[in-house]
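As you go down the protein sequences, you meet chains F and Z in turn. If you're matching positions, the first sequence starts at 6 in the working numbering and goes up one per residue. If you're matching positions, the second sequence starts at 1211 in the working numbering and goes up one per residue.
Don't take each hint at face value.
Residues from chain F that face chain Z, not an exhaustive set, calculated with beta carbons under 7 Å [what the hints assert, rightly or not]:
| hint | residue |
| --- | --- |
| 1 | Tyr16 |
| 2 | Leu18 |
| 3 | Ala29 |
| 4 | Arg40 |
By construction, these hints were calculated from the structure, which means they are not laboratory data. Bear in mind that the values here come from a model prediction, so they are computed numbers and not experimental data. Every residue gets a Cβ at the ideal spot worked out from N, C-alpha and C, and that includes glycine.
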Amino acid sequence: MLTAKQVLDEYFLDARCMLLEIAATLDRHDAACRREGADAQAADPRLGKVYQSLGILANPGAGPNRAEQLLNLFSDPVD
Amino acid sequence: MQIIQPHYHGIARTAQDYERMAMSGVVAVGEPAFWAGFDRLYPETFIDYFRQISEFEPTRAAQYGIRHFCWVAVNPKEAENPELSRAVLERMPEFFEKPTVLGVGETGLHKSTGSECEIMEAQVELAIRHDQLLLVHTPHLQDKVRGTTRILEILKGMPVDPDKVWIDHVEEHTIRQAKDAGYWVGFTLYPITKCSPQRAVDLLETYGLERTLVNSSADWGPSDPFTLQHCILDFRRRGHSLQEAIEVFHNNPARYLGQNPKFDLKPIRVETIEEDRPGVAGC
Chain F
6 MLTAKQVLDE
16 YFLDARCMLL
26 EIAATLDRHD
36 AACRREGADA
46 QAADPRLGKV
56 YQSLGILANP
66 GAGPNRAEQL
76 LNLFSDPVD
Chain Z
1211 MQIIQPHYHG
1221 IARTAQDYER
1231 MAMSGVVAVG
1241 EPAFWAGFDR
1251 LYPETFIDYF
1261 RQISEFEPTR
1271 AAQYGIRHFC
1281 WVAVNPKEAE
1291 NPELSRAVLE
1301 RMPEFFEKPT
1311 VLGVGETGLH
1321 KSTGSECEIM
1331 EAQVELAIRH
1341 DQLLLVHTPH
1351 LQDKVRGTTR
1361 ILEILKGMPV
1371 DPDKVWIDHV
1381 EEHTIRQAKD
1391 AGYWVGFTLY
1401 PITKCSPQRA
1411 VDLLETYGLE
1421 RTLVNSSADW
1431 GPSDPFTLQH
1441 CILDFRRRGH
1451 SLQEAIEVFH
1461 NNPARYLGQN
1471 PKFDLKPIRV
1481 ETIEEDRPGV
1491 AGC
């Protein structure tokens, strides 16, 4: 098992890279909305899911199961 | 389509790279001198390295129909040894006479120390004095903003022709200042630590296609020459035309590198040929 420092040594740059990709994707979407007009932004519920997931990640006390929380967020409801 | 890979470290790669690059349309590569992964002790080691990239490496690339050009310089990490660097700089002009050497590069900064700045200035002076192109490496990760700002300060104080300067490895937080100063900029596509193919296309869409060189570097570290082709694919999937792709991935390098007459690949244009096809109309 890795120590806390080893986890960051091993995965910090990967996390940085993935966060940059998310930021760039949101920028790309914003730019497209500006080109298409305001309606494009309101129409798609997937964007809300992305921001909700970022809210979970931004909370240091979100718990030890952040990946599970995000997967549930992106899942269809169970009947 | 025809592709020019303007920043590629062939000595760190296998012949299979050349073969696959040729199969994917790469017609020419540019190989800047860079850090070998360890600090060299002797000026002669650099000289042999310059011989390798200016004499031997073109023969490897030629086996796959790829033109190979190169640059000579002391890279920023080894500029920490000014005595060694000065000794290498004394020998660099003889390489400017070689038929495939395009200029001074990669110079630039790594940690922006006093020695690095001193040797970068000396190499810029050398490029100016010998009318060479200049390829400037900007630092990695957390050092990039500070280092890029320092590089631009150094260049601003020197009589460089911005047309001849390529500021490489720019990203979202450094592209504006380099482009506004009139330099060419380069996006380096790395799997993790630099720009991704998708972000490079965003930058092209945001800042325009002009004065931009996209490259994958590809060296002995985690890197992949085909991030460049991945970028072309993403560019085309977003609806940009074949000619626009050629402008970015072939013609821009041809324009920038072609300022040195040794680089003789010219910009190209896609044209449809209208042919008479007798007998087809009635089918």
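Each hint tested on the structure:
{"no.": "1", "hint": "Tyr16", "result": "violated, 11 Å"}
{"no.": "2", "hint": "Leu18", "result": "holds, 5 Å"}
{"no.": "3", "hint": "Ala29", "result": "holds, 5 Å"}
{"no.": "4", "hint": "Arg40", "result": "violated, 10 Å"}
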